[in-house]
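Going down the list, the sequences are from chains A and B. This note's numbering numbers the first residue of the first sequence as 1 and each following residue consecutively. This note's numbering numbers the first residue of the second sequence as 1001 and each following residue consecutively.
Keep in mind that the hints are not guaranteed to be accurate.
Facing chain A, from chain B, some residues (calculated, C-beta under 10 Å) [claimed, not checked]:
no., residue
1, PRO1199
2, ALA1310
3, ARG1391
4, HIS1392
If you are wondering where the hints come from, they were derived from the structure by calculation, not from laboratory data. Glycine is no exception: its CB is placed at the ideal position from the N, C-alpha and C atoms.
Below are the chains, spelled out letter by letter.
Number of protein chains: 2
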Amino acid sequence: MLSAEIIAIGSELLTPTKTDTNSLWLTEKLNEIGIEVKLKIIVGDDELRLKETIKDAISRSDIVITTGGLGPTEDDITRKISAEAIGRKLIFREDILASISKKFLKMNREMPEINKRQAFIIEDGDVLPNPNGSAPGMAVEIDNKYLIILPGPPRELKPMFENFVLPKLKQTAGEIFVKRKVLRVTGMGESAIDEIIAPVYTQYKNPQTSTLFNRSEVEIQLTAQGKNEDEADQMLKDLADKIVAKLGIAVFSVNGELMEEVVGRLLIESEKTLSVAESCTGGLIAQRLTEIPGSSKFFVEGVVAYANTAKIRTLNVPSDLIEKFGAVSAEVAEAMAKNLLEQSETDFAISVTGIAGPAGGTEEKPVGLVFIGYASQEEVKYIKLNLPGDRHLIRWRASQAALDFLRRKMIRMKS
Amino acid sequence: MLSAEIIAIGSELLTPTKTDTNSLWLTEKLNEIGIEVKLKIIVGDDELRLKETIKDAISRSDIVITTGGLGPTEDDITRKISAEAIGRKLIFREDILASISKKFLKMNREMPEINKRQAFIIEDGDVLPNPNGSAPGMAVEIDNKYLIILPGPPRELKPMFENFVLPKLKQTAGEIFVKRKVLRVTGMGESAIDEIIAPVYTQYKNPQTSTLFNRSEVEIQLTAQGKNEDEADQMLKDLADKIVAKLGIAVFSVNGELMEEVVGRLLIESEKTLSVAESCTGGLIAQRLTEIPGSSKFFVEGVVAYANTAKIRTLNVPSDLIEKFGAVSAEVAEAMAKNLLEQSETDFAISVTGIAGPAGGTEEKPVGLVFIGYASQEEVKYIKLNLPGDRHLIRWRASQAALDFLRRKMIRMKS
């Protein structure tokens, strides 16, 4: 099994609030092709330490990946120091400069002089194209080992690694295939899930199973090692099927799909349309759904009726309903969904009204109290939730619960 | 200024889902007393790499802190390897063994044989008591440098560090105060900003300046060392003022505020209200604004008019306007803002219509074309943007540009 080390470069990564997350993604990709990450280093814009770090890493491990420090400014030292660490020169490349200035032209901007720095490449290194940024990456072979230099922004790093590094490493790594599958579950806690599925997964040493709690869902991660991809896939499928049989409809995703992607897919498959009326989630549900490419196929309209006047005027919620039951009530949640369904002429409408806090809670209606409304041609329904967490978490969990409500309705309709 | 390195030990920290968070907390504590973290390392239960890592760290830095690997099992190698790395023996301490077995007795359990390992201490090292666990920590002085060995679980590490390490380091570090300030700039690229401000900040070695590009803004981070807090604050203010003088209104935050917080604060200060009409941003602007506690003071309503029918029905955009100019046009952006302003009776309305991609672009109206509309009682305006990036980035940058448009309008009104 080949060994790798990952070096994240940038002083901001040594502050108390920032952390290196690129290495998690890289580790996953490397593990999948049977390469083990043996060490991770986070170093600032510190020439001496960076140089020593790269030197040590390349002497110990088969593959060394650096991330960050390829920007155009003075403190972007990766190019210079990595060349020094492996005793090679930096070569100025006219063709790279031309492609960088072309990118600036496309944005109607002139290339600043300092971006010239990004046109230097380590002697005998391969250039890794960067479709999402100006700095190219590099891959340098040193006595059958590889030094791979990637930009820091994930949006630049990920496609570069997947398109230009991974294929090459796959050839080098060979035989073992490691594959991972993630099941996502919502509406149940981590320990409740574990009690149900532990009798299943503990019977397997391969695939390995671990569970992880996120803001509003539990991820069940399965990792299988096989002699080839098909074998690993089959092992994952067998265990995943058994887990899904235990948990049922609470599993909303078995292939990495997010909740909003699942809901979007179900809507598109059944050729239905949706509108969303939000109060305390403030546009979060609409935003999540419209982040999906192609969401215009099913998403018609969202109304963020934050003030009561907006609920009354734009969503036609009767003011006496608000007076009688309060804006945070089952009655108002149902009226929001029902009225928007009629106005927007969609097949479904969902709504949320609640108290996200930190202020606004009372003894009767505490922070975290949320009503979700649902309307279709056939019925109008609501659910009442008491969500734990801070403002951010309550909003997120409310958005997840509303999407999950619609998902369960659509799945039950299909069956 | 003293330098520190932090070494997190444990193979689980090298998996794709786990990350070392102890170092963030430790960094904050160290920075506060003027100790700079120069390097962070995450290493598995890997004797060779750990030994080399500790050796290198202690040769480079004044303080080396390890976390984890002090448990009772075979793969808990920190004690043995750190002793080897600094060329000292491990000494068995009867008194520590006695205190460990006492802890087990208190829980009505017999001490397993393997826990004896935890009673070994590096020769001439100080014992750091562990009130929340069985493994003691250690502090070893080596030629005026310190190797500090802490357990991995945060509830063991934190009290041990605060009670037994911090007081000692404070004495060693002396009276340095380190403070940090972040300026945020939007509407300009990182290199353009650097060209303008480099002549200013390069005149200072203290504060140190670094710039960092995020999705739609550049962060300028200033770090100052002073003899006391006031001095450090004053140094930061002096440099920040000079940078702001160069960049002007493009600096939207000098105290860590996010764009939506700045806009929300300006609205609250001037007692104005806002409504937002969104097409391609799909609720993102509403969501960002309502994430702020207290946003109900200024945020009245959002309309996510995604389909043209929603623009026509809910926002009263004339259908012939859409036919003539297209949904993505200056005319429609202005109509969206103007009509929502009237309907919602707010002081301001902003709107966005654009092509976020990946599909939907044409030669005339490519992906990334975005119109931002603005309406107040006094005027209706628009700006046209060609935003680079993928769907996510285009949406984010459009939301940022819309909020920034409103921010600049409000600031100009005040002056």
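Checklist entry - Close enough to count: is the Cβ of PRO1199 of chain B nearer than 10 Å to one in chain A? => result Violated, about 12 Å.
Item to check | Cut-off 10 Å, beta-carbon criterion: hint that ARG1391 of chain B touches chain A | outcome: Since chain A brings a Cβ to about 6 Å from ARG1391 of chain B, closer than 10 Å, the hint holds.
Checklist entry - With 10 Å as the cut and Cβ atoms as the points, is ALA1310 of chain B at the interface with chain A? => result holds, 4 Å
Next on the checklist: Hint HIS1392 of chain B vs chain A: min CB-CB distance below 10 Å?
Outcome noted: Cβ of HIS1392 of chain B sits 7 Å from chain A, so the hint holds.
Hint check: a violation occurs at hint 1 only; the rest are consistent with the structure.
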